[in-house]
Amino acid sequence: MTATDTLPDVLETAASWRDSGRSVALATVVETWGSAPRPVGSHLVIDQDGNFEGSVSGGCVEGAVVSEAMDVIETGTPTTLDFGVADETAWEVGLSCGGRIRVYVEPVV
Amino acid sequence: MDLSLLKTLNAERAARRAAILVTDMANGAQRLVRGGDDFHSDPLAEEFARRFRSGKSGLVQTDAGEAFLTVSVPAPRLVIIGAVHISQALVPMAEIAGFDVAVIDPRTAFATEERFPGSTLKADWPEEVLKDAPLDPFTAVAAVTHDPKIDDFPLMEALKTGCFYVGALGSRKTHGKRLERFAEAGLDPALLARIDAPIGLDIGAASPQEIAVAVLGSVIQALRKMPDAAP
Numbered sequence: 001m002t003a004t005d006t007l008p009d010v011l012e013t014a015a016s017w018r019d020s021g022r023s024v025a026l027a028t029v030v031e032t033w034g035s036a037p038r039p040v041g042s043h044l045v046i047d048q049d050g051n052f053e054g055s056v057s058g059g060c061v062e063g064a065v066v067s068e069a070m071d072v073i074e075t076g077t078p079t080t081l082d083f084g085v086a087d088e089t090a091w092e093v094g095l096s097c098g099g100r101i102r103v104y105v106e107p108v109v
Numbered sequence: 001m002d003l004s005l006l007k008t009l010n011a012e013r014a015a016r017r018a019a020i021l022v023t024d025m026a027n028g029a030q031r032l033v034r035g036g037d038d039f040h041s042d043p044l045a046e047e048f049a050r051r052f053r054s055g056k057s058g059l060v061q062t063d064a065g066e067a068f069l070t071v072s073v074p075a076p077r078l079v080i081i082g083a084v085h086i087s088q089a090l091v092p093m094a095e096i097a098g099f100d101v102a103v104i105d106p107r108t109a110f111a112t113e114e115r116f117p118g119s120t121l122k123a124d125w126p127e128e129v130l131k132d133a134p135l136d137p138f139t140a141v142a143a144v145t146h147d148p149k150i151d152d153f154p155l156m157e158a159l160k161t162g163c164f165y166v167g168a169l170g171s172r173k174t175h176g177k178r179l180e181r182f183a184e185a186g187l188d189p190a191l192l193a194r195i196d197a198p199i200g201l202d203i204g205a206a207s208p209q210e211i212a213v214a215v216l217g218s219v220i221q222a223l224r225k226m227p228d229a230a231p
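Taken in sequence, the protein lines are chains A and B.
For the first sequence, the working numbering gives the first residue as 1, with consecutive numbering after it.
For the second sequence, the working numbering gives the first residue as 1, with consecutive numbering after it.
One chain only, chain A, in its complex shape (with noise of 0.2 Å):
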């Protein structure tokens, strides 16, 4: 048993939420710049209703991914989001570390 194994595992938990009935999309962060706080390959799983589990950044990102995810529940169609200080958006969400990451997004079907 390893610490890691007490979290729940997000690939594990999109399938049950979807065996469940319930609508989810994926995140995942396909590239990161300067100081990233999640590795590449790291997870988030949203629901329709804006339940998630998993992580993306430390906390920074996270709700914007949410809301950008329901769409693509909505809409069933993928997207690549790109987040960092450097971004015009930068003052509503951005990486504290100074760092820039990039989320793919996708729907389970």
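No lab work stands behind these hints: they were computed from the structure.
You can take every hint at face value.
Restraint ranges, calculated between C-beta atoms of paired labels, are given here:
#1 B/Gly176 with A/Asp19: 53 to 61 Å
#2 A/Val109 with B/Leu59: 20 to 28 Å
#3 B/Ala193 with A/Glu74: 52 to 60 Å
Stretches of chain A that chain B covers, calculated by requiring three or more beta carbons in the stretch to come under 8 Å of a beta carbon on chain B:
#4 10-18
#5 24-38
#6 100-108
Cβ-to-Cβ under 7 Å is the rule here; a few derived chain B residues that face chain A:
#7 Leu3
#8 Leu6
#9 Lys7
#10 Asn10
#11 Gly28
#12 Ser57
#13 Leu59
#14 Phe68
#15 Thr70
No residue lacks a Cβ here, since even glycine has one placed at the ideal position from N, Cα and C.
Given the structure of chain A, go ahead and fit chain B onto it with the hints provided.
The following block gives chain B in isolation, referenced to the frame of chain A:
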């Protein structure tokens, strides 16, 4: 992602098998490549081989555009052959370092719950235990019983299955005899050179606890200094 593809990926992960999910970033198309698949003719074959070793996910440029590889490899595991004094120190240390740890020893006087509280202890012969939980390239094996009847089989299995670390306790003389037995059993000399013996980093470890530190150091070195290992 298709739900059935997600479930296939989850099943591979649950069974401690490596897999890579390939996502075409332009159109979202996905496919799954298993570690055991024959992917030599795949245009991404080299990339797959490299990432199965490193366990690192990432973007790659392909002829068809950009693709993201979600790489899933099992958590590193340490299988200790021998429920001896060294193992009593090595189990908690390795667990703190993040390894899944199992101890195997058929000698019921050694393999007791009292000596190994709360740990994964199998009081049976390695031949039996490894049938149900086979070794794999994401597993390290440390054989510390000093008894060839117990140590030899799991050591040879570890070499054959490509365990990322294979260590054996014993003096140089004992190890020399071991190498002779393994050569007689038909093992490739190149494989035999992979055995870390005398076991552990050369830090002058004297007590069982210190030897446990030396062994864990060697295991971590093998894990992190593998070709293309994650930094």
